[in-house]
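Asks: Chain by chain, the residues:
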Amino acid sequence: MSGGVPLSWYLMLSAVLFSLGVAGFFFRRNLITMFMSIELMLNAVNLSFVAFSYRFRQVDGHIFTFFVMVVAAAEASVGLAIILTVFKNRGSLQVDDVDSMKN
Amino acid sequence: MQHLWLIPAFPLAGFLVNGLTGRRAPRSVVNAVAIGSVVLSFFWVLKVLAVPGAMETAHVERYFTWFASGGLNIGFDLAVDRLTAVMLLVVTGVGLIIHIYSTGYMAHEGGYYRFFAFLNLFMFFMLLLVMGANFLLMFVGWEGVGLCSYLLIGFYFLRQSATDAGNKAFIVNRVGDFGFSLAMFLTVVQFGALDFAQVFTQVNTRGVEQNAGALTAIGLLLLVGATGKSAQIPLYVWLPDAMEGPTPVSALIHAATMVTAGVYMVARCAPIYLHAPIALNTVALIGLATAVFSATIGLAQNDIKKVFAYSTVSQLGYMFLGLGSGAFSASIFHLVTHAFFKALLFLGAGSVIHALSGEQDLRNMGGLRRKTPLTFWTILAAAVAIAGVPPFSGFHSKDAILLAAHHHAPWMYWVGVATAGMTAFYVFRAVFLAFFGEYRGSAHPHESPAVMTVPLAVLAVLSLAGGYFNVPRWLEPLFPTAGGHHDQLLVLISVGAGLAGIALAYYFYVARPGTADRFAASLGWLYRLVLDKYRIDEVYAAVVVRPLVRGSEKLLWKGFDAGLIDGIVNGVGSKARSIGGVLRLAQSGYIRSYAVWVVLGALFILLVVGSWGGAR
Numbered sequence: 001m002s003g004g005v006p007l008s009w010y011l012m013l014s015a016v017l018f019s020l021g022v023a024g025f026f027f028r029r030n031l032i033t034m035f036m037s038i039e040l041m042l043n044a045v046n047l048s049f050v051a052f053s054y055r056f057r058q059v060d061g062h063i064f065t066f067f068v069m070v071v072a073a074a075e076a077s078v079g080l081a082i083i084l085t086v087f088k089n090r091g092s093l094q095v096d097d098v099d100s101m102k103n
Numbered sequence: 001m002q003h004l005w006l007i008p009a010f011p012l013a014g015f016l017v018n019g020l021t022g023r024r025a026p027r028s029v030v031n032a033v034a035i036g037s038v039v040l041s042f043f044w045v046l047k048v049l050a051v052p053g054a055m056e057t058a059h060v061e062r063y064f065t066w067f068a069s070g071g072l073n074i075g076f077d078l079a080v081d082r083l084t085a086v087m088l089l090v091v092t093g094v095g096l097i098i099h100i101y102s103t104g105y106m107a108h109e110g111g112y113y114r115f116f117a118f119l120n121l122f123m124f125f126m127l128l129l130v131m132g133a134n135f136l137l138m139f140v141g142w143e144g145v146g147l148c149s150y151l152l153i154g155f156y157f158l159r160q161s162a163t164d165a166g167n168k169a170f171i172v173n174r175v176g177d178f179g180f181s182l183a184m185f186l187t188v189v190q191f192g193a194l195d196f197a198q199v200f201t202q203v204n205t206r207g208v209e210q211n212a213g214a215l216t217a218i219g220l221l222l223l224v225g226a227t228g229k230s231a232q233i234p235l236y237v238w239l240p241d242a243m244e245g246p247t248p249v250s251a252l253i254h255a256a257t258m259v260t261a262g263v264y265m266v267a268r269c270a271p272i273y274l275h276a277p278i279a280l281n282t283v284a285l286i287g288l289a290t291a292v293f294s295a296t297i298g299l300a301q302n303d304i305k306k307v308f309a310y311s312t313v314s315q316l317g318y319m320f321l322g323l324g325s326g327a328f329s330a331s332i333f334h335l336v337t338h339a340f341f342k343a344l345l346f347l348g349a350g351s352v353i354h355a356l357s358g359e360q361d362l363r364n365m366g367g368l369r370r371k372t373p374l375t376f377w378t379i380l381a382a383a384v385a386i387a388g389v390p391p392f393s394g395f396h397s398k399d400a401i402l403l404a405a406h407h408h409a410p411w412m413y414w415v416g417v418a419t420a421g422m423t424a425f426y427v428f429r430a431v432f433l434a435f436f437g438e439y440r441g442s443a444h445p446h447e448s449p450a451v452m453t454v455p456l457a458v459l460a461v462l463s464l465a466g467g468y469f470n471v472p473r474w475l476e477p478l479f480p481t482a483g484g485h486h487d488q489l490l491v492l493i494s495v496g497a498g499l500a501g502i503a504l505a506y507y508f509y510v511a512r513p514g515t516a517d518r519f520a521a522s523l524g525w526l527y528r529l530v531l532d533k534y535r536i537d538e539v540y541a542a543v544v545v546r547p548l549v550r551g552s553e554k555l556l557w558k559g560f561d562a563g564l565i566d567g568i569v570n571g572v573g574s575k576a577r578s579i580g581g582v583l584r585l586a587q588s589g590y591i592r593s594y595a596v597w598v599v600l601g602a603l604f605i606l607l608v609v610g611s612w613g614g615a616r
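Taken in order, these protein sequences are the chains called A and B.
Per my numbering, the first sequence runs over residues 1 to 103.
Per my numbering, the second sequence runs over residues 1 to 616.
It should be emphasised that the hints constitute simulated quantities derived from the structure, not laboratory data.
The C-beta atom is built at its ideal place from N, Cα and C for all residues, glycine as well.
Please note that a few of the clues may not be correct.
To give a feel for the contact side, a few chain A residues facing chain B, derived at Cβ under 8 Å [unchecked claim]:
id, residue
1, TRP9
2, LEU11
3, PHE26
4, ARG55
5, VAL95
6, ASP96
7, VAL98
8, ASP99
9, SER100
A few chain A positions that, by computed beta-carbon distances, are all more than 12 Å from chain B [to be verified]:
id, residue
10, VAL22
11, LEU42
12, HIS62
13, GLU75
14, ALA76
15, ALA81
Please model the entire structure based on the sequences and the hints provided.
Replies: Right under this line is the structure:
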């Protein structure tokens, strides 16, 4: 990586995106927003993978990224289905309403 | 090969056929199978004994090795020698007569095929007991006859008293069997074998000094087994209760054959006892004590079968007295004659009970002499035989025992003579109460059918003439007679005691009826004590049974089982539940609190890995 953007910048951006995801997961109550926060965290990690892969000239990071994307796609479909069902049954998307597993 | 195995195999086959198919078979078929198997067995015994020179030495047949372990090799071996021959004839002969009688006696009873199946099974085990050529095979028969005794005592299993009596017989016998097993273990340890021939050869050839203790211990432990099976003090209590069974069972198992197994066993182990004088003397003492003790109880009983039951215990005591005095052949002789006259007494009693539709109380009988003449005459034959009136069978065998006892210790002779007097008294008391005077009951007595009276007649002939089977001479190669001189005076005294007993019974119950009641009343508490059988059952209940039951209930059931075992199982369950109750609090149900845990966990791992990596 002669010249161009240094690796640390990518990593910093990744960390910022990840933290935004975590914060969103913690502080939003809407299930869909929380779900989007999770996607954000996943993609933040993807970014760091790709950056490392480019920096060290190895293909492993790319492959990891593909895996994460596949899993994320599967997770998105399952998760959305769950959210849909929750909404059908409870008429609400507030996460604090979903507490039937308490104790 | 004489195919000895056929002798027990016939009754076993009879048991299997009747037991498996008898429920649907007609009674005539059940009869044919049950009696036929015993007939075949009886004839096979005769055939085996009829072979010329068969009895010169013990004839052993080895069939297969049952098991071998280390140096110990137990074979399924049957043997016949002179002693076994006597037992075989008694068991199959008297057994056959009683089987025939039973077809009449049990004619109106339910469970007909079951009765005969058990009776055949008993014959099988009894024959195995007397023919087994080692202690273990004998023990198999020993346990088997105990099982059949239990099954047949509890034959009327809908009656609580019958099942209780069966249980009592079985449990009391367990005590004796425990002694027998210990004796076998000790024999294995001491001689490394259980074959009679091997053990007795070693006993006879080894020095007495080095084995004296072990032989005495084996002898005493075997005696414990014999006291259980042959109803001697202190384990005699089950036999009187065993009268709950059908009367033919009382005659066959609890008078003629099974209860004499202990006598047979001690006689079989004569080489051991002859080298263990202490054990032999104990046999004599226990026999004498039992004889006199149960004879006194017999004086006051009102149930006709109870009188004969205590008489059986007493006569078995005589046999043990004879064994203990070293007169093994005299005891076996008495075993044979006793099998005749006591089986006859019981079958006669059964005929009376049958005639009176189940009445057993002597006080409700009387005057049956004219109503059931055949039964009367046959019972009278048995009574004179047991009372020792010459020249009938009991006279010969009882005097042989009493003379041997006198040779052994004169005081034992005198106690034995007193017992002989009591024996004559209580037997004739029963006869006079049942057959003389006026009828005091309310049933309509009738003579029994021929299928019952003919066996009675056969046994009556045997009871009267059985004394001329010279069993002691037959057994002489096995048990050399002591060679005591035949003192006429001693014979006269014992016969006199018997006749005095008869005369006293006649005076009390025929000449002056009512004297007995006044006499009993004048004795007061002593009479009541005897009537209550010295309250031995109550003492056993208080000393042994109740502590055992209480201990089992409090300690074993409620303490150990319910407390410890259940406590462990339930404790594990409830502990898991309470721990789970604490852990459950972590499950808040809020997704974001789980997220906090995830983050905290991730941070923790990072911290740990970081510090660990930093240290490296």
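Asks: Each of the hints needs a verdict: does it hold here or not?
Replies: Results of checking the hints against the structure:
For TRP9 of chain A, the shortest C-beta to C-beta distance to chain B is roughly 22 Å, which exceeds 8 Å, and the interface hint is violated. For LEU11 of chain A, the shortest C-beta to C-beta distance to chain B is roughly 16 Å, which exceeds 8 Å, and the interface hint is violated. Interface restraint check for PHE26 of chain A: the shortest CB-CB distance to chain B comes to about 6 Å, inside 8 Å, so the restraint holds. Among the interface hints, the one on ARG55 of chain A is violated; its C-beta lies about 21 Å from the nearest C-beta in chain B, farther than the 8 Å criterion.
Among the interface hints, the one on VAL95 of chain A holds; its C-beta lies about 5 Å from the nearest C-beta in chain B, closer than the 8 Å criterion. Given hint, ASP96 of chain A at the interface with chain B, holds; its Cβ is 6 Å from that chain's nearest Cβ, closer than 8 Å. Taking 8 Å as the C-beta contact cut-off toward chain B, the hint placing VAL98 of chain A at the interface holds, the least distance being around 7 Å. Annotation: ASP99 of chain A was flagged as interfacial toward chain B, and the flag holds, the nearest CB pair being 4 Å apart, inside 8 Å.
For SER100 of chain A, the suggested interface contact is upheld, since its CB lies about 7 Å from the closest CB of chain B, less than 8 Å. Not every CB of chain B lies more than 12 Å from the CB of VAL22 of chain A, the least distance being 7 Å, so the non-interface label is violated. Listed as a non-interface residue, LEU42 of chain A keeps its Cβ farther than 12 Å from every Cβ of chain B; the least gap is roughly 15 Å. Non-interface call for HIS62 of chain A relative to chain B: holds, since the shortest CB-CB distance, roughly 25 Å, exceeds 12 Å.
The claim that GLU75 of chain A lies off the interface holds: its Cβ sits roughly 15 Å from the closest Cβ of chain B, which is beyond the 12 Å cut-off. Interface exclusion of ALA76 of chain A from chain B stands, the closest Cβ pair being 17 Å apart, more than 12 Å. Here ALA81 of chain A stays apart from chain B, with its beta-carbon at least about 17 Å from theirs, past the 12 Å limit.
Going down the numbered hints, you'll see the structure goes against 1, 2, 4 and 10, while the others check out.
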